[in-house]
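Novice: Since each chain comes alone in its own frame, lean on the hints to assemble the complex.
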Amino acid sequence: MGLEIDRERIPGFDVEGKDADGMDKGILTLSVGPQHPGSGHFRLIVKVDGDIIVEALPDPGYVHRGEEKMCEYRNYIQNIPHLERPMIADSCGILYPYVLAVEEICNIPVPERAKYIRVIMAELNRCIFELYWLGIYGIFLGHSTMFMWPMADRELLIDLAEMASGARVTHAYFVPGGVRNDVPDAFPEKAKRHLLYFRNRLKEYKDIFYDNPLFQARTVGVGILRREDAINLGATGPVLRASGVEHDIRKVEPYDVYDELDFKVITMNEGDSFARAYVPWLEMYESVEIALQALERMPSGPVRTKLGPNPKGAVGEVFKRVEAARGELAYYLVSDGNPKPYRVKLSVPSFREIPVMAHLLKGAKLADMPSIYWSMNYWPVEADR
Amino acid sequence: MSQQGQGQASTDQLTVEKEIVDRVIARFGDKVKLAYVKPRRIRFNVSKDIILEFARYARDELGFDHPISVAGVDYPKNKLIDVVYHIGSCTNDKFRSSVLVFAVQLDRDDPVMPTLIPIYRGVEYHERETFEMLGVIFDGHPRLERLLLPEDWADIPPLRKDFHTKGREE
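These protein sequences, in sequence, are chains A and B.
Each residue of the first sequence is one higher than the last, beginning at 121 in the numbering used here.
Each residue of the second sequence is one higher than the last, beginning at 19 in the numbering used here.
Warning: the hint list may mix true and false statements.
To be verified - Derived coverage of chain B by chain A (criterion: at least 3 residues anywhere in the stretch with Cβ under 8 Å from a Cβ of chain A; other residues may be distant):
hint: 1; region: 33 to 44
hint: 2; region: 75 to 85
hint: 3; region: 95 to 108
hint: 4; region: 112 to 124
In case anyone wonders, no lab produced these hints; they're calculated from the structure.
Glycine included, every Cβ here is placed at the ideal spot set by N, Cα and C.
Chain B on its own, in the form it takes in the complex (with noise of 0.2 Å):
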């Protein structure tokens, strides 16, 4: 089989993807949103609420064991900023070749929500990035502190989109 548009080629079968759905949704019902399934990538929206829970299931139960990213996405035009996180998984062989996907999605004047690290670890570092690069403030966080910018940075968080680059105003 191609690669070549790996989002065309099986999007007849899911079967991987849509046990993954039916498992979640039989678990948390209406309590998530299902926001798309693609070839080997399920996204779900979570709220803030029960993120933990949601989490606790999607590591224990279902095998996604590891975290590949965290990422804030600024939406200023809905008020809104999501927090996107990236789980894979190398000790469930059959959901192994997918990535879940779940994002909180936090209003943006005050974007607050638990950290996962007593789920997944390895998300301390990409949870400090987010919160210094979009301001969100992940509750329960060991050391919620400047990561990568300057140690004397002022301004906005960098990523949220009415911080422009000098030179770069538009």
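Okay, chain A solo, but in the shape it has when bound (with noise of 0.2 Å):
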């Protein structure tokens, strides 16, 4: 007696004819995520012939929040503290645009002392987002040791953040103006001293991890991105930096203080899963160099520019991107003159990956999946909004 398998009734089982999209038999419908650990939340429709993929059909959402339309209703103070919830590991980056944005539109000068601040915010959380960005990497490659080790030294940059603004994570530090207020006095020094025992430290992060063996035998040669695809696909940050493209919104369009600091834009050619992985740890370096030169030219005086209860916006609009841990991140406010924006459109690095994921995750084999998704440095948070 043999067992019996009603075929017809087991979904993406159907090998004899063609399924629902009119795929070729033998194609297997898989649903990757939304609860798979390795993805996030977010789904991935991938349907393999064997263990290839033909095609991914990327599915966000589980975590829209509808950011753009809450900013419609709180005047431009009170949309500080939800627009960072999207990225909470890089919270300054993704306020960042936000400050410029509001600070152009509704002319608000920001004192020098203030830019300075601002970039050293912004470059300790770059490291902050690269590290725990790093740490899933590597947990998610099999190797826990990488997920330890940039856990750990996170903290030290956390601590840092948490001296000047207060909270560990969620600062809601950088204010249309300047930063909500100045770092104690001992900060800079204990900066100093913490950015250069990171520096020497992520020079392990080499010996452990990226010269590791099976590190490159899972990443080196996996979802090669062309030059050409990168630019025309939308890729952005590191990603579009792995392919050999030299763009970094700090060098072509410099916000604050970026024109007077010395620091190189890091690029690489192979366009694989590995250079994704090698850029951003890279990229620490440069953001290390930055800091410590911001704190060495940092002027004294306020920090903050006083506002009026309820800042009124000039009628029109304003578009402005920095580069934030992932790549470009934009704001596109619309303001019609009341204190409230009109319309704020969000640019996320993550959402522009998606087109880019697709293109590699076909043809991809699939145990290849996880190192391409995760070389993405895809947040679905941040995506979603």
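Specialist: If you want it as structure tokens, here you go:
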């Protein structure tokens, strides 16, 4: 007596005919996520032929919170704390273009010291985010040391951010007209000590992780993104620079004091998952460099322009962009002259990586999916907003 | 040069921005309408009939090669929906610090325009978002379906001004 399987009734197992989407027989449709531990709150509908992915359809939206609609009901100051919620690991990065946009539309001057503090905090947050992401990248490739080390080193930088802003992750530290409060007197000294320790520590990541033959075997040559595809698909940040495009908003359109600081834009030409993991590591050295220079040059003085109770914007629109940890982050802000914005549009780097991800997964092996997915620097909460 | 007030600091020069405007006007004449020139930002209002031609010109001739953002803005008073494309450049060194903005102004009751995927593949998900948030139909888009909202969403597109968040009706 054999076990009878009613193939008609098992979804995705209909090897005889075509599935509902008209795909060829033998194509298996898998739903990866949204509860899958390897995808975040995000679903990938993957169609495989054997173990080759023939089509990948990203399906975001599980953590959509309507940030843009929320903005229309709150005034410029009330909007600060909720706008950093989509990306709590890089909360300064996601708030930065918003305050720049509000400053332009409401014509608010920024004191010189505040610009330096913002740059320092933005670079600290860049490292805090990259370490978090690197740890998760490590653990999903089965490298648990690479999870523990960045998580522990991240604490040092979080301590600094907490010292300056009072909060460990969601700082709400940037406000239109500067930063919320000045840093304590002991901050520059402590920051230098931590940053120098961290720079030495970074070298060890190469020994344990990037030089590890297992990590290399899973990432080198996997998911190669060609330069022209990267540009046309709208890739941004480390993903774009790992494909050989030298494009960094801090250089092409410097904001605050980035044009006075000396740093390099890191690029690699390989465009594979390894390069996409290696570029952020090199960029952390540059972030330390930027933060140290800014600490050195930071003038004394006020850190915040006193605002009226309910600042109003001029009628018009403004588009501001910065280089956040994951890439170019932009705000399109339309004002009709009221204290509340008429329309706020967030263009976030994670959302821009979605078509890139679909493009890279097509034709890849199913087993390479985690290394490609995590190399995208994709953050579902940020993409959904 | 300090970046504070990028708006004011270099208003007098704007040479790069003016070059972009001149080239576009020379090519399209009065078929496009210049909305503003600000430092590093140039906005044109383009009719939907020539939007594909315009985008192809921007990509191939001016080097504006990648989409940064696609936003829809609802203007019920004017009975319009603006679909605003923000396009950047990585390959043209001269224009890479500028953002070219072009907007298509659509009839609010019948917002239909061609998709720009043939020119910029990266707009696929941006346009899908604009479709579900403002109800704009992009002709020729391969997957114009739900993206971020719940699958059983049965209300009007939420970023239209006549949709109000529960408890926030004003």
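Novice: All hints are to be evaluated individually against the structure, with a verdict given for each.
Specialist: Each hint tested on the structure:
A count of 0 residues in the region 33 to 44 of chain B with a Cβ less than 8 Å from any Cβ of chain A is obtained; the coverage claim is therefore unmet, three being the minimum. Three residues within the 8 Å Cβ limit are the bar, and the region 75 to 85 of chain B against chain A gives 3, so the coverage statement holds. Counting residues of the region 95 to 108 of chain B whose CB lies closer than 8 Å to any CB of chain A gives 4, which reaches the minimum of 3, so the coverage claim holds. With 4 residues carrying a beta carbon less than 8 Å from a beta carbon of chain A, the region 112 to 124 of chain B meets the three-residue requirement, and the given coverage holds.
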